[in-house]
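Peer 1: As a plain string of letters, each chain reads:
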Amino acid sequence: MKLLRDLLVQFGVSGDEGLTTKFILQYIYKQKKNWSFQPEIFAGDEFHDCILLKFGSPTTAVFAHIDTIGFMSRYENQLVAVGGPEIQEGTLLEGQDSLGQISCRILGDEDNLRHDFGRAIERGTRLAFAQDIRIDDEFIQAAYLDNRLGVYSALKVCENLEHGWVVFSTYEEHGGGSMPYLLSFIQQKHPIKNALISDITWVTDGVFPNEGVVISIRDKFIPRKKFIDKVVGLAKESGIPFQLEVEAYGGSDGREVQFSPYAIDWVFVGAAEENVHTPNEKVALSDLDSMIQMHQYLMKHL
Amino acid sequence: MKLLRDLLVQFGVSGDEGLTTKFILQYIYKQKKNWSFQPEIFAGDEFHDCILLKFGSPTTAVFAHIDTIGFMSRYENQLVAVGGPEIQEGTLLEGQDSLGQISCRILGDEDNLRHDFGRAIERGTRLAFAQDIRIDDEFIQAAYLDNRLGVYSALKVCENLEHGWVVFSTYEEHGGGSMPYLLSFIQQKHPIKNALISDITWVTDGVFPNEGVVISIRDKFIPRKKFIDKVVGLAKESGIPFQLEVEAYGGSDGREVQFSPYAIDWVFVGAAEENVHTPNEKVALSDLDSMIQMHQYLMKHL
Amino acid sequence: MKLLRDLLVQFGVSGDEGLTTKFILQYIYKQKKNWSFQPEIFAGDEFHDCILLKFGSPTTAVFAHIDTIGFMSRYENQLVAVGGPEIQEGTLLEGQDSLGQISCRILGDEDNLRHDFGRAIERGTRLAFAQDIRIDDEFIQAAYLDNRLGVYSALKVCENLEHGWVVFSTYEEHGGGSMPYLLSFIQQKHPIKNALISDITWVTDGVFPNEGVVISIRDKFIPRKKFIDKVVGLAKESGIPFQLEVEAYGGSDGREVQFSPYAIDWVFVGAAEENVHTPNEKVALSDLDSMIQMHQYLMKHL
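Residue numbers (the numbering used here), protein chains in the order written: chain F, -15 to 286; chain P, -15 to 286; chain D, -15 to 286.
Hints in this document: simulated from the structure, not taken from any laboratory. Each hint should be verified, as a subset may be incorrect.
Where chains are identical, the list cannot tell them apart; a pair therefore holds if satisfied intra-copy or between any two copies.
Below are the EDC-like pairs computed for lysine to aspartate or glutamate, each with C-alpha atoms no more than 20 Å apart in a straight line [what the hints assert, rightly or not]:
id	residue 1	residue 2
1	266	189
2	173	30
3	6	30
4	173	195
5	204	95
6	140	60
7	210	106
8	-14	221
9	177	30
10	266	60
Since the structure is predicted, the reported quantities are computational estimates derived from the model, not experimental observations.
Assemble the whole structure, with the sequences as input and the hints as a guide.
Peer 2: Written as structure tokens, this is what we have:
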């Protein structure tokens, strides 16, 4: 779990994913000699802070977003949310501006969001939840399991992937914007028919911890039934524990596949968490395990 | 009206349009020998559940969405809406899961939407309004006139169309997503400058039954004035009854033309209905007639 | 300021920008002989009512929207908003339908918006705020400073621009829709890496008149930090007065750059106004001056 612990402490609030990108790229360059198959790697300024790995001759891609929710300093001691973090007074935030390191607490609520730092923070400085990783035999608890677990799972998939794109996207937590050019590049380079979203969803009244990875039949948006049926058929064959989700709300990088100018089917496959978008996101380790296995299985059999 | 009656009983809740697609394709293959001109037909997995017909050398396309609103089973006896159906307790719904046919009634309201079926329905199963077609001398009343009338009109346009695309889209009722790849395909194959939306709108305080097809100056989105002026000019020349709509809300496949990466003008041309998104949608037969005639006229003269 | 005064009296409510387009094109054709470098000009039906100027070998484009907010007549004496105008009973509106010139006043409020004109206005007729230009030593006050100042600034940038696209877009006030095809054309013709939005923002509790042009770190959407850092670095070097904005709401043509299928960085650079979206928009002349200078500087140094 060293990789996961390392991922969880990288800073990557939406729009400022550079450090996370750098960490993932270094990991890839160091580890790929141990992978069964060697990918082509696409990264750098032309891709902003995204990374694409092409293994063999892909028909399917897995997408994991590397950005996190967080906060941005406004005027005086005001804060503005990045993405949709839970606002709880007293929550510890960390960041950095040109004057140095920042550690402060949330004051107020959604309508009057402030910090208690002892000096003004430079305008537009990003702050993230202070990280506190807790792992026991059954659960992992930390900030930003959403979506560092999805990134972790995608990197585990790389270890023995023969054919497929593995793609690390940005901006997902704040409306998106990297998926359109990633999809355009993929469809020009080596087009796909299927997309798997490697991300984290919610424990609800129908989705429970320790009952397997979630395959989502819908969130706010709806993948095509023919494709969901195929995915669920494969999931049953695989023997890997999974549960089916049906939600009216929420979204993922799948939304941008749905509205792309390509006829690409998509499905969300990821573990469910409690305490969503707080510093105390909690996921069952067995569900993380099922998530990795299911992605490996689907990338092989779709 | 056999074609229309047949269309009205096809199942096609957004994301599960396969049966409707199959019916339309079979109709096209059987009937096209009677059409004045023979189209190229584009359908199949590459187009998901959409169909495109290219007649001659098009500059204009007509788009008719084949999906319908409906419901999806969630957990226990919960339902989630697909698109924006009217929720009225007691409304009869029908569908099918792996255990067999389903017929049940709506319980509750928007905030607590359930069904009364005697057993659990498999997660993600789609349910549609039970169909009850009523036709008299003046009106047709049924579920899903929106947009089976639009599909019907587009198929009638095919009978003597020399130049033009006729396109059957999916997902319109639930945010869209097929239009971007349909437009991309069209612009690569044989590009267009104009798009007609063949869909159903609302009877309001300015739009009345039996007063002609509606040409919409705007809904939530606004077509370009130069193009609307041209369309209205042609409509006046045609002698076909029409009325002009100005709404602040609502949308259609035209929205996705507006936001596409192509400079394509668009306009909504369709009959108005009462009892929108209920099992009792009601349209004047004379307005359906004007709709078909106006689409034929505009496809010829634009 | 003759150019600015002329721009302020052109009619251009979203979707009906033709007269404004014609005025700008005539200005360009008349004035370009005085410009240091000669652009390629792209305009005409293929671009709807937009205009693109390509100077030299661009890596950056500046975008200025030419449309304005306004109103549209509905049924009886009802009005519907185009974009988000402030509704104040008694505000004077002007327009034209086939029966002649129209001058009337707003009645009612957002929920019941009407006019007091003595006859019915044809459905779909656009009305704009009556123009009243007030200039003193320190401020300009008028309707539609947003975005006639942005257009003015972009035209001033043309005077000595060696390399760069200068682009006049439409529909920005009502959800957009021209940016996707403009960006597609640019990326095919001579692609860019950076986009500057030449538009007007708000005086707030952190942004003040006479304190320089605003560089926006975010509005509802968030440009990439690496790019903002670069822009702010250049702005500091330039010596031109500027201030940094951090907002949770609002948008611009930058939104459509963010969601485009191209990895293009973007930033909003524009003066701040009071009395937003009223006939009394007010901007400090020194801020307009900083805006023009900053756009010139960034187009040269990015």
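Peer 1: Are the hints correct? Go through all of them and say.
Peer 2: Cross-check of the supplied hints:
1. 266 - 189: within (16 Å within a copy, 39 Å between copies)
2. 173 - 30: both (14 Å within a copy, 18 Å between copies)
3. 6 - 30: within (15 Å within a copy, 37 Å between copies)
4. 173 - 195: neither (38 Å within a copy, 48 Å between copies)
5. 204 - 95: Answer is between: at 16 Å across copies they meet the 20 Å cutoff, but 25 Å inside does not.
6. 140 - 60: neither (44 Å within a copy, 35 Å between copies)
7. 210 - 106: between (51 Å within a copy, 16 Å between copies)
8. -14 - 221: Classified as neither: same-chain Cα gap 31 Å, cross-chain 43 Å, threshold 20 Å.
9. 177 - 30: Answer is between; shortest inter-copy Cα gap is 9 Å, intra-copy 24 Å.
10. 266 - 60: Close neither inside one copy (34 Å) nor across copies (25 Å); limit 20 Å.
Violated hints, in rising order: 4, 6, 8, 10; the structure is consistent with all others.
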